[in-house]
Each structure stands twice: as C-alpha cells, then as structure tokens.
Amino acid sequence: MAAWCTRPDSMRALPHRFWGVLLLVLLLVLWQVTALCCVASTNWPPVTEILKAVATGLVNGELAQVFGSTLWRMAAGFAIGSAAGVLLGIAMATLPLADAALRPLVELLRPIPMPAIVPPLILLLGIDHAMKVFTVSFACFFPVLVNTVAGVRAVDPTALDVARTFQVGRLRTLTSVVLPASLPFILAGMRTSLALALIVSVVAEMIAGSQGIGYYIMTMQYAMRPSDMYAAIFLLAALGYSLNLALLAIEHRVLHWWRRGED
Amino acid sequence: MNARVNSPADLTLSGIGKTFGSGSAQTEALAEIELEVREGEFLAVVGPSGCGKSTLLQIAAGLARPTRGTVRFHGEEVTQPPPGIVYLFQQYGKSLFPWRTVLDNVAFAVEHRPGMSRARARDSSRTYLDMVGLAAFAGHFPAQLSGGMQQRVTIARALAAQPRVLLMDEPFSSVDALTRLELHALVQNLWQKHGFTAVLVTHDADEAIFLADRIAVLSARPARVVRMLETGLPRPRDRLETPQIPRYLDLRHELLAMLLGHGA
Amino acid sequence: MNARVNSPADLTLSGIGKTFGSGSAQTEALAEIELEVREGEFLAVVGPSGCGKSTLLQIAAGLARPTRGTVRFHGEEVTQPPPGIVYLFQQYGKSLFPWRTVLDNVAFAVEHRPGMSRARARDSSRTYLDMVGLAAFAGHFPAQLSGGMQQRVTIARALAAQPRVLLMDEPFSSVDALTRLELHALVQNLWQKHGFTAVLVTHDADEAIFLADRIAVLSARPARVVRMLETGLPRPRDRLETPQIPRYLDLRHELLAMLLGHGA
Amino acid sequence: QVTKVRVSTIPIIDIAPLQVAIAKGYFTAEGIEVDTTPTQGGAAGIPALAAGQVQVVFSNVVSIIQAAKQGLGLQIIAPASTTGDAPPDQAALIAKKGSPFKTGKDFEGKRIAVNTRNNIIWLYARAWVRATGGNPDAVTYLEVPFPQMVDAVRGDRADAAFAVEPFVSGGVAADMQVVGYPYTQVQKRLPAAQYAASKSYIEQNPKVIEGWVRAYQKGVDWVNLNLKSEELLNIISGYTRMPPQLIAKLGVTAYEKAVDPAALVPVVDQMRRNGLLEGEFDPKSILHRTALKA
Amino acid sequence: MSGAPPARRLQAWLGPGVLLSLLLLLELATRSGWVNAVLVPPPTVVAQRVFTVVTAGKLFEPLGRTMYLLAVAYAIGCVLAIVLGVLMGRFRPVHGLLEPLVEVLRPLPKPALLPPLMLFLGLGDTMKITAVALGVFFPVLINTIQGVRGVDPVLVDVARTFQHSRAALLWKVVLPSAMPLVLAGMRIGLGIALVLVVIAEMMAGTGGIGYLIIDLQRSFRVVDMYAWVVILAVLGYALNEVFVRIERRAIHWSGARAG
Ligand SMILES: Nc1ncnc2c1ncn2[C@@H]1O[C@H](COP(=O)(O)OP(=O)(O)OP(=O)(O)O)[C@@H](O)[C@H]1O
Ligand SMILES: Nc1ncnc2c1ncn2[C@@H]1O[C@H](COP(=O)(O)OP(=O)(O)OP(=O)(O)O)[C@@H](O)[C@H]1O
Ligand SMILES: [Mg+2]
Ligand SMILES: [Mg+2]
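Protein chains in written order, with my numbering: chain A, 1 to 263; chain B, 1 to 264; chain C, 1 to 264; chain D, 1 to 294; chain E, 1 to 259.
Isolated chain A, as found in the complex (with noise of 0.2 Å):
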C-alpha cells in the first residue's frame, strides 16, 4: 500500500527532479557515445560539439539576436491570439447568436494545416511578419477559444446571481465576475497555446523570411553545419522549457485562490 499513499522516503529525500535530470544527462550521454562510436552521419554530431555551437552562438551574440527576433512575433502572436480567442469565447458563450453563427466556421477551419493554406495566406498578408504573426494567432486562437468558452459556461448560475441581487450591471459582472471566474480556463488554454506559438513561428519562419530560430535551423542544415542546427534546437528547447514555467508561475500567482481539487 505504501507506494499508493505515500512514496518510499528515500525517493523523497531528493528533490524529485533529480532522478529526470540525471536520466536526461544519461540520454545526451548516449547520444555522445553513438555519435563517436556507432552513427556515421553529418546529422548526428556530438553533443560535446553541439555544446561549443551553442557557447559560440551565445558569445558572439548570434544566437541571442536570432531568438530575440523570434520571441518578439512569437509574443505578438500570442497576445493577438489569445486576446482574439478570450473575447470571442466569452461573446460565443454568452450569446447563443454568436454561438450559432460562429462554431461552424471555427470547426472548419481548425483541421486545416497552415502549409496548406500558404498561398492565399501569401496573397493577403505578404510573406514578412504579418503573416507570420497572423499564422501564430490563428494556431493560439482555438486552444484559448475553447476553454475559454469552457470556462464561461462552467461560470456558475449562483455568482451571477449574486451579482444581481446586488444590482450590479451587465458590464461590472462581465468584467469582475465572468472573466475572474473563468481565468483557470483561459490560462490553461494560454499554457496549450504558447508552446503551439513557439512552433508555429518556428515552422512559419522555416517556409519564408530571413530571420529567427526557424530560418537559422534550415540554414544551418543546408549549409551543412548540423552543430549550429542542434544547437539553436538545444536552446529552443530550454526556452519552451522555460516559457511554460514561467506562465505556471504566472499562473500560480493570480490563481492562488484557485484549488482544483474541489469541486
């Protein structure tokens, strides 16, 4: 029974981090090893080689320059989106009209791949950043839509009646009780579509532009500098790693009132 209530104090005694670093630090070992030893390809350096591509990058300011540029229209995109997908959830979820009148173009759309659609995308929005940011809302837009509209319905009947026994007008309740209530929804939907904004500018930046982490992928690949490609995918990693901490972080903070175990 104990490992169902209680873990073995030993496994406690360690931040339970550990075990997962360690296994991590195990894996890029192995890579190392097969890649000196067994994997005879350009494509699979060494990580000790990917390592100095990333101090390099990192010291001679390329690396910073290039994920700077990536985080501004990734940052926009997501602000754009998400603002989109909140405001949009709460007139669909209030408003049976705008409900009827929108789920089934939102349902359309959402199965289409973005490569699909490049060339109208190109046609009415260029090929530079107003594309790119448009691509990275559109793909934030529905994780947060739809909890967001998740997140109103589940508003209880109860707070809104609150709110009016009290003689509080529709806009007050809209701002200090609906949206309040629904924010565990609309943050999660924000945490699904963050990582989804990091990849959609990357992929975005892959198919045309000259800068940001998706472009110095494909350029590095074919300029045949696999290291430098590994590299940015390394620090791509830590920073998708990082941005989720930092929205939980965020999360815990103006959620603090919010347990979930209760019903």
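It cannot be assumed that every hint is accurate.
[Unchecked claim] Once the Cα atoms are required to be at most 35 Å apart in a straight line, the calculated DSBU-like pairs of lysine-lysine come out as: (1) A:K52 with D:K249; (2) A:K52 with D:K96; (3) E:K58 with D:K69; (4) D:K110 with E:K58; (5) E:K110 with D:K97; (6) D:K228 with A:K52; (7) E:K110 with D:K249; (8) B:K94 with E:K172; (9) C:K193 with B:K94; (10) D:K97 with A:K52.
Since the hints were derived computationally from the structure, they do not count as laboratory data.
With chain A's structure known, arrange chains B, C, D and E with the ligands on it following the hints.
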C-alpha cells in the same frame, strides 16, 4: 415583538404560479401561492424537499419570473431584483468569489453604487465584517476560512447592502450542526438590531421554530401554503433554554408531524 | 439492549496519537485516545470542529496509520483496512462512482470477492438496495438521484459488504434536515436488524443522543476523550416522541453545554 | 528617386551574382534598392510574385514553366544558373562507395531519392535513367530533403540520391561516390534556374526591369572575373552561412548573362514526356526580352 | 427566449448562413477581379472540382492512406500516453524520472525533429507514424496525468475499505475517473494528429491528402489544391463530430463537459 407581527405588508405575493418546461416535460412547481410578508417580521417557509421553496424565494427576489401572479414590494411590482431586497444563497462556497479577499467580497455589495469610492466601500464593509466577528480575517481569501466562517461572510455582505428585506435560502444547511447553532444566534441578534424583514426557507423544523415569528408550511409539489403557524415564543431566544419550553415542544411535534408527511 | 452495551470489546484503540507534518508545521491532531468499542453497540463520537474526529475514525478503519498507539480488531492489530470493517464517508457525492449505475455501485462492495460471479453480486446488491428503499432506482446513475437518495446508496453498499463494524463519518451532515430524520430512522432499523457494531462521528447533539447507546465526547485539538455518556433511552426510538422524554432533554442540555464550549 | 524591388531567393551558391550586384552597389547605381527575402523554394516564392508581394523571384525552370502554364502570368527576365558543357555539376547522382550502379538500367527496381517529385530534380533523374538505357517507370522515387539524402543512402533506405552541393561533396568525402551528373549528361548547358517577374509588373515598369537586369549582369561579369577571389567567397559565405573554405572546395562556376531560347525546348520536351506538361506551350512566350540580350 | 421554434430554427441556420455568405462574398471578390483568381479561385469552381474528385472515385485512395496513417499513429500515441500518464500521475518517482524529458521535448517543433527522426527511422511510414504519434502523445499525456492526479482520494479510500486490490483500484477507479480529462486530451490530440499527418505527408510524401495538396501547390494547380483543402477541412470536422459523440456517450455521467 407583537407590534412587528401586526405591521403592514411589506412584500406581497399574490396568485403566484410557476411551471417549468413545456409540453409533456412540464413541471408545475408552484400552484397558487398567496403570501404576505409583514414589515420587520421574521418569516420561515418550510416544506418537503423539491416542493418549490427556492423557486418561490427567487421569484420574491426578482431573480426569476413567475408564470402567473404578481409580487409587489411596497406596492410596486417586482420584475427584476429591486433595490432593498437581498438574496442570501445556500451555497456559500459558490456565492463567495474565491479570487477576492473576505473584505472585497463584502465590498462587492456596495462598491458599484454611484458615489461610492473604493475606500469608502471598504470602510463600511469592515464595519459589517466586525458585526459577524470576522474583522481579523479581512485580508484572508474565502478558501482559507471554514464553512461556517464563509457563511458569516455572505451574511456580512448581505447586510452591507442595507437591505429592507433579506431572503435566505437554507443558509445554514451546509454548515456543521454546532456552527449552525452559533449562526442562528448571530442572525437573530443582527435581525433584532437592524430591524430588516427576514424570510427564511428551511427544511429544519427546529431552525424555523427557533428563529421565526411566523412559519408558512408548504404542501408537496405543486406547492401551496397549507398552514401558517405563529410561534409566539419570547425573545431573545436561547439555544439551551428555549427548546425546553413546552410551547416549543408542541410546535415541534406539530410541525414535524406535518413535514414527515403522515398525510397533510 | 443492555446486553449489547456490556458485551466484550470488539475494536480497541489504545494510546492512539497522531501528528501531522513535521518541524514547525506540526499539527498534533490526536493526543492520547483510549476507546473500546463493544461488539454490537452503537457508539457516537462528538467533538468540536477540526478536533480530529475524522482522523480518529480513519485510523480505526485502517485507512490511516497512527503516530503512536495501536488499534486492535478482535485482538489483531489493524495496519490496513481489515475485512469486516467498512467505512462510510461523509461526502456521498464523492464516494459514489458517477460512471456506475446505482446497482453497480452497491455491487462494488462484493463483486471482487472470490467465488462471486457478477450475477450473484448484483442479486445480493438488489436485496440491499431494497432495504434502503431504492429498488426502483437500480438502473439510475448517482447524478440522477437527490442527495438523500445518494447517501442511502452508500449505506446499502456498506451493508452489502456485511460488515461487523460500520464506521460512519458524519454521514448525515450533507443532506437536508428532513431527509436526515428519515435516514436516522433507517440506520436505526438496519442496525437493529443486522446487529453490526456502529460508530458514528457527528457534530449534531440530537443525532448522537437519538441514535447512540454511548457517546464519547472529545476535547478540542489535540483530542482526548473527555466524557463518556450512556444514553439509556428505550428503543426503538421515535423521532416525535423520544425528544420529549425528560432524559433526552437533560442529555441534550448537558451535551450542548459541553460542545458550545462554555469551558470544558 | 529610388525604386524598391523585392527578390525572393533561396540562400544557395547560385544567387552569387545577385548578391555581388547588391554588395557592389550596381543596383543602387541604377536607382534600385534590392531587398532579398529567402523562401523555401518556388512554392512560396511564385505565389508571392503573383500576389505582388515580391517583384522578382529566383526559381528553377520547371516551376516557372508550370506556373506560366497555370496562368500565373510570369516571365523570365534573366538567367540564374546554367550547367556547363561537361561534368561536374552542382548536382549529382550519388550512391554508396563500391555499389555496382553505373547506368539507368542498373536502377530498374531500385530506389532513387529526390527532393520533391514532379520537379526538376525528379525530372532529370528520370531523364537520366532513360538516357542511360533504363526505364524510368521501373524506378521508385523517394522524397527526401537534400540534407537527409546521404543518411538515406547510407542507411539503405534509398539506393542512390540525386543530391546538390554541399551534400554531394560531403558525401563523397565520406563514403559516397558519384554515379552520374544527370543535368549535363542529359542536356549540355541546361538552363536550370532563372529570375522571373510578373507580366503586369514588367509592363508597368519596363525601365526598372531593364535597370535591374543591367545591374545583375554587371554582377555576373564581376563573378566570372573573380571566381576564385576571397571577396566572392566571403560574400557567398555571408548569405549561405557555409564556411569559405568549403565554398572554395566546391568551386564557383561561371554564370550566363542570357537565356538561350533553344535550350528551353528540351526542358519542355522532358516535362511533356514525363507528364508535367500537357497541350501547347511555346517556351519563347515566357522569355522577356531582357533575358535574351547577350 | 421562451424557446419558440422560429427562434431555434433561425439559430440552426445561422451558422451555415454565415458560412454561405462568406463564400458568396469570396465568389464575388474573385469573379470581379478584386482578388487574384489564380491564387484564390471562386468557391463554385472549387466546389465543382470537389464534386468531380468525389464522383470520379479519386477520393478513396489518398483518403484511405491518410486515414490509415492517422489511425495507426493516433492509436499508438494515445495508448503510450495513457499508460505513461497513469504511471506518472500515480507514482511520484516515475513522474520525477520522466517529467524533465517530457517538458524538454514537448515545446520542440516537430519539423525540427525531422532530421534525427529520418536518420534513425528512415523515410517510410515508421518515421511518419512516430512523428505524428509524438504530436498526439503530449496532450494526451498531460491530460492523463492531470486526470489521474485529480482522482478523489475519497474514491481511492472507498476501494481500500472494500478490500479491492491495487490492480482493481487502477482499473475500476483511477482510469474511469480520469476518463473525462483523458478524452479531452484525446480530442485535442485528434486535431493535432490530422494536421501532423498532413504535414508529414507534405514533407516526405508518397501519397495521401497532404502529399496531394503540396504537390498540387508546387505545380500551381490551385483549383485542385483547394478542392483537397476543402475535403481535408470536412474530414477534420467530421472526425471531431464523431469523436464528440463517442465522448458524450462514454462519459454521459460526467456533467463537466462543455465546448
Ligand atoms: N430551471 C428548472 N427547470 C425545470 N425544473 C425546475 C427548474 N428549477 C426547479 N425545477 C423543479 O421545480 C421543483 C421545485 O424546485 P425548487 O428548487 O424550488 O424546490 P425546493 O423546495 O427548493 O427543493 P429543495 O428542498 O431541494 O431545496 C423541483 O421539482 C425541480 O425539479
Ligand atoms: N493530511 C493532513 N495533513 C495535515 N493536517 C491534517 C491532515 N488531515 C487533517 N489534518 C489536521 O488535523 C486536524 C484534525 O482533522 P480532522 O479532519 O480529523 O478533524 P475533524 O474533527 O474530523 O473535523 P471536522 O469537524 O471539520 O470534520 C485538523 O486541524 C486538520 O487541519
Ligand atoms: Mg431549494
Ligand atoms: Mg471530519
């Protein structure tokens, strides 16, 4: 005390009927309710489970519309929550805003009123928190309080709105038995002090007898008022002594016999 | 009746202590509990909020381990839930499986036993559902029942396991006052019929007096047994008549005075 | 006053003259400010051209012909890369060292990796198989991105790959060998890639296009004169991100200043033969006069 | 408000109405030359082409391939994620062991993983299935962990007090309680899977809808391309609808689902 019981009608429900759904899925919750709530009195409404007590109270509060009949508050027809009537919900867990501190939850009742600054709203809220004995917890969040304390916050919030009528829907049913006894005493004191009109919906015969001046007994669905009892017990009432008074024991016997439903 | 009260000890708690956390965040919930539960009796445990009643009951059920002391069930030490002891949870809403029908929820108690086929498990479950008056609802899902009905399902499930000891943690606190009265009668009847040992944790003085043979009163945290009352009221007890007996009124006065905590 | 011209490019050695012309200020001298924007091949570049988002696009000849045939209204204004009279090329068919493949016949029933099907690499892989005595339909063509081709051959997931530089040299330096140079072996002086602009833009801005081509041709002249110069290597390294030593090893070959209309005919033939083109098509119709001037 | 039939009928037609008017607008825009008809063909032309594709029976081969890849990859991704999710949600040490790896891999764009995937898995279905399964894996995993964590301790204690074994606890209590969240994750995963299958077919294609779309795009056969994009959208819509129905039946007991 008796002056109150004979004062003019404050809130009048006449010919109230309510039917949910339509066609074959129709539920008639309220049949034809006639009820006069007198200014300043403490009225309890008891009735079997699901008979329509909450529906009735929500209609009285203007939170729901009746299918038939009218509600008048000081002569004016009630079609939406009117100023002066405040509804106290059963589920304190759902009616407090978990993202607001205790103080700001109370302030919610008044902060939006014209001419009310945030600072003033908080000041007056503090007074009411003090009345329910929670001044020390102003900065806490609801989740940090016990159930009984949370329900006290909702009481403070309701009072902060300075209602003329306070409608309470089973406000004590979700707290533990001991806390319930404490809250009974608290509500009785506040009511005596502030002189608002109180309507209490409950399943609990003891609670109704202990708190109310008059008790309206509803039938099973569709609900009608089948009896109106005057308690006539002296005030202030005491948790240990009052239940030993013969009049109390008689009322209890009568009410329970009716409710446990060995017929009507 | 009195034969029961004097029967040998069935479940013995000796020197039970429980401390949560460590270092500065330590909470001592139970100080040093000595308690003998006699075979076939109905024991109530009352005490102030948060004093450690649930903790005590969980230790007795083998669901939690004490920091100090031992629990013995018929002489054997309890370290995990032993066959023969069943725990009835307060939150019926959380302790029923929403994805199982009412019948299958009851069958959960026995379906895994060796030699028990699914059909037989269901058959016997039907019998117990019948006992709590829910035979007609076998195919419903818990969400389709009222709170009182749900709690009846958990009672049927507990009985289906044919326990020798039934531990109940405030089983009636989340249902409405009238339903509570009905459940009191139901539990009393089932207990008289099946002859299991019953331990009931509650906040409610009336409930404890009405149901129990003996009442253990706990102090505030860290809990100790500060009083043990014998009710000695005749059985079967009746909801209308029993509370009018002077002995009942005396017990109620005594217990409430203790619990409302004007000192110990 | 200065006219802005956006050029969609691919960051490979072939656009060296364009980059030189930018670096040396030849465009500025013509009153043109060129701004390059890399895309992943013609699939993004040509729609951008049609949408008016870029004015000039670098693309392989097959894509240009296909786009023109589908009515996207574009014309070649200048040559970009042309193969020589004899091997080696920048693109080669490679296989594992010691493998027995010599001719197209040997590849029947085998797998050749190409970057995309229905495009120039695929087209000339088929043409080469046929030209060297094999049946192109008896060969399987796998889509593999250029950087992964050597891995695919090495891992026996393909028998050969039609790869481009620097992957050809990289493979040969390790464990690959060149089987053939399909471009030149099928067609000498193959006009592999060109710069194109949209018809409407050309009509509205004939002077700009002329100036653009003049500046570009100056770039070609400079490159052809400085094929081995350090400066050229640095310019190429700047946009391809390949180390200059690697570029030096690969070698930069001379560039053309005009497109030979006759050279387009066999390309169109090959496309027709392999099902990429149906119906009438006159290659001259897609050549703007600036592409013809020597 | 009172649920009168005309109002409800209006609502039912509103969505398709909005869709149709948008298409009509597009039709006018392309016909009148506002929008470059070569890049964005009129919807009627595309609709005609969809009709031709369907009636000529050219639909099934690519659709079948795409669906096959989708089904296999989706099944693998879901099963792995649920198994690992239950282990990670239930056992802290397993969680500690795998969490950093998961969190590092999760935000990586799958196209960036293509080089090593191709190196080790080749170009065939194995590679594509792995890439897609990986995309399905993460949302399902995360939701499963959350679902398993959210199992009410009271339910676990119920199983214990009735003497159920650990296996039964897992099977009868933990899995069903986590089911609403697992299914929600699987629904997100389904959307991602379709997008990824299509992208995988685009990147290393030998067939399927994705390959067709990219091939048609590269050869500028825009009408055909849009015909397939429309087919793809309808496929995604239909898959989601089917899933939602199954989900509703499977967890009819859970009131929590919305959206
Ligand atoms: N929105 C609704 N739609 C349909 N039926 C409803 C609705 N609200 C209430 N009802 C039905 O009307 C009847 C009365 O409900 P109500 O909640 O007023 O009873 P109650 O006396 O407050 O019950 P309880 O004792 O459980 O608090 C019930 O049968 C209920 O099912
Ligand atoms: N897992 C735990 N970790 C830390 N402290 C705990 C834990 N469980 C209970 N406690 C603390 O132990 C004390 C006793 O808790 P318990 O739930 O047993 O009290 P109770 O008498 O059942 O309360 P109630 O009247 O609210 O049911 C409380 O102060 C509680 O905060
Ligand atoms: Mg009610
Ligand atoms: Mg407890």
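Verification of the hints:
1. Simply put, A:K52 and D:K249 have alpha-carbon atoms about 25 Å apart, close enough for the 35 Å limit, and the pair holds.
2. Taken as a hint, the A:K52 and D:K96 pair is honoured in the structure, with Cα atoms around 31 Å apart against an allowance of 35 Å.
3. The straight-line distance between the Cα atoms of E:K58 and D:K69 is roughly 24 Å, inside the 35 Å bound, and the hint therefore holds.
4. Distance hint between D:K110 and E:K58 is fulfilled; the C-alpha atoms sit about 28 Å from each other, no more than 35 Å.
5. Note on E:K110 and D:K97: the hinted pairing holds, with a Cα-Cα distance of about 33 Å set against a maximum of 35 Å.
6. A C-alpha spacing of about 31 Å is found between D:K228 and A:K52, which places the hinted pair at or below 35 Å, so the restraint holds.
7. The hinted pair formed by E:K110 and D:K249 meets the criterion: a straight-line CA distance of about 34 Å does not exceed 35 Å.
8. Annotation: proposed proximity of B:K94 to E:K172 holds, straight-line Cα distance about 31 Å (limit 35 Å).
9. About 41 Å separates the Cα atoms of C:K193 and B:K94, which puts this hinted pair outside 35 Å; it is violated.
10. About 32 Å separates the Cα atoms of D:K97 and A:K52, which keeps this hinted pair within 35 Å; it holds.
Comparing the model with each earlier hint shows a violation of hint 9 alone; every other hint is respected.
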